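**Student:** Sequence:
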Amino acid sequence: MKRVAIITASDSGYKGEREDKSAPVIEEIVQNENYTVVKKLLLPDDKEKLANAMQEIADKGEADLILTTGGTGFAPRDVMPEATLAVLEKVVPGIPEAMRAYSMQFTKRAMLSRAVAGIRKKTLIINMPGSPKAVRECLEYIISELNHGLEILLEEANNCARK
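Note that our numbering numbers the sequence shown so that position 105 is 289, with each residue one more than the last.
Because the hints were derived from the structure by calculation, they are not lab data.
Every value quoted in this text rests on a predicted model; they were computed, and no experiment measured them.
Even glycine gets a Cβ: it sits at the ideal position worked out from N, Cα and C.
Among these hints, one or two may not hold up.
[Said to hold, decoys possible] With a Cα cut of at most 16 Å, we get these calculated EDC-like pairs of lysine to aspartate or glutamate:
#  : residue 1 : residue 2
1  : Lys224    : Glu203
2  : Lys306    : Asp243
3  : Lys317    : Glu212
4  : Lys317    : Asp204
5  : Lys186    : Glu246
6  : Lys186    : Glu211
7  : Lys186    : Glu335
8  : Lys231    : Asp262
9  : Lys223    : Asp204
10 : Lys306    : Glu339
11 : Lys186    : Glu217
12 : Lys231    : Asp195
13 : Lys306    : Glu240
14 : Lys231    : Glu266
15 : Lys305    : Glu273
[Said to hold, decoys possible] Computed beta-carbon distance windows for the label pairs:
#  : residue 1 : residue 2 : range
16 : Tyr286    : Glu212    : 16 to 26 Å
17 : Gln289    : Asp243    : 29 to 39 Å
18 : Glu339    : Arg261    : 30 to 40 Å
19 : Thr220    : His332    : 14 to 24 Å
20 : Glu232    : Val275    : 16 to 26 Å
21 : Gly245    : Arg202    : 28 to 38 Å
22 : Leu296    : Ser196    : 17 to 27 Å
23 : Asn331    : Gly200    : 27 to 37 Å
From just these sequences and the hints, can you work out the full model?
**Tutor:** Encoded structure:
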């Protein structure tokens, strides 16, 4: 069973001034696909704190997949892509490209997403949008392919092929 960590970037959520509605959507979707949520973090929009959290989870092998939500827009404090890029060893541009292309069917504002994705050690990290509606659209669109990508990353696909 694949392990997932969910990281929400939100100053107002971190201060308790706003409810995080996107992380529960992520949790629902991944659990329906038989992933296990092993960690949930709600952090401020702070590049260093976000990068440190992703790096620690990946380096300790705590999760196979980190899904982030929030912080991918144009606001001055939106720094999730920069935090993610700071810890990635390999960039996987096709995932956010696919999410943006799919989301463009619903709103042209999808072109404004700065989301990135990539790999650190044996962990795939993907920036999701901040709104619950956009999270649901994007994650439901990509989830079926993530399992195959994770099998390759975790070298399970090769082991299956040898049997």
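**Student:** Hint by hint, say whether it matches the structure.
**Tutor:** Taking the hints in turn, this is what the structure says about them:
no.	hint	in the structure
1	Lys224 <-> Glu203	holds, 14 Å
2	Lys306 <-> Asp243	holds, 8 Å
3	Lys317 <-> Glu212	holds, 13 Å
4	Lys317 <-> Asp204	holds, 13 Å
5	Lys186 <-> Glu246	holds, 11 Å
6	Lys186 <-> Glu211	holds, 13 Å
7	Lys186 <-> Glu335	holds, 9 Å
8	Lys231 <-> Asp262	holds, 9 Å
9	Lys223 <-> Asp204	holds, 15 Å
10	Lys306 <-> Glu339	holds, 9 Å
11	Lys186 <-> Glu217	holds, 10 Å
12	Lys231 <-> Asp195	holds, 12 Å
13	Lys306 <-> Glu240	holds, 12 Å
14	Lys231 <-> Glu266	holds, 7 Å
15	Lys305 <-> Glu273	holds, 7 Å
16	Tyr286 <-> Glu212: 16 to 26 Å	holds, 19 Å
17	Gln289 <-> Asp243: 29 to 39 Å	holds, 37 Å
18	Glu339 <-> Arg261: 30 to 40 Å	holds, 38 Å
19	Thr220 <-> His332: 14 to 24 Å	holds, 18 Å
20	Glu232 <-> Val275: 16 to 26 Å	holds, 20 Å
21	Gly245 <-> Arg202: 28 to 38 Å	holds, 32 Å
22	Leu296 <-> Ser196: 17 to 27 Å	holds, 20 Å
23	Asn331 <-> Gly200: 27 to 37 Å	holds, 35 Å
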